[in-house]
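Undergrad: Sequence:
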Amino acid sequence: MTDKELMQQALDALERNVKHKYPYEQDAAIRLGEDAIAALKARLEWVGLTDDEIKGIIGAWGDTPIKGYTRKLFDQIETKLKEKNNG
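According to numbering that gives the first Met the number 0, the sequence shown is numbered sequentially starting from 0.
By construction, these hints were calculated from the structure, which means they are not laboratory data. Hints are supplied without guarantee of correctness; some may be wrong.
Said to hold, decoys possible - 16 Å max Cα-Cα, derived EDC-like pairs, lysine to aspartate or glutamate:
1. Lys83 <-> Glu44
2. Lys40 <-> Asp74
3. Lys54 <-> Glu82
4. Lys3 <-> Glu82
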């Protein structure tokens with residue numbers, strides 16, 4: 000099991016505990032726990048580069064969309080990074 004899978008299991012368990020064990024308590028500790036869960040889940044989600052971000056790296060050529068070789072190259076880089084970060 001990867002680190003990411005273990006972290007996701009821990010987050011799921013914490014979320015179940017916060018939402019179901021204390022459904023009527025709305026104190027600050029529970030809200031902080033929910034905020035922490037949301038923040039950690041957001042960190043687990045992959046966010047790829049937008050065309051504008053790629054243009055910022057390679058230089059913009061007017062309003063030309065990023066496609067062809069350039070898009071394929073960046074997609075392959077992102078795929079490799081996803082693989083490295085899931086282990």
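Undergrad: For every hint, state whether the structure bears it out.
TA: Comparing the hints with the structure gives:
Distance check on the hinted pair: lysine 83 and glutamate 44 sit about 14 Å apart at the alpha-carbon level, within 16 Å; holds. For the suggested pair lysine 40 and aspartate 74, the alpha carbons sit about 23 Å apart, so the restraint of at most 16 Å is broken. Between lysine 54 and glutamate 82, the direct Cα distance comes to roughly 24 Å. Violation of the 16 Å bound is thereby established for this hinted pair. Straight-line distance between C-alpha atoms of lysine 3 and glutamate 82 comes to about 11 Å, which keeps the hinted pair within the 16 Å bound.
Violated hints, listed in ascending order, are 2, 3; each of the other numbered hints is respected by the structure.
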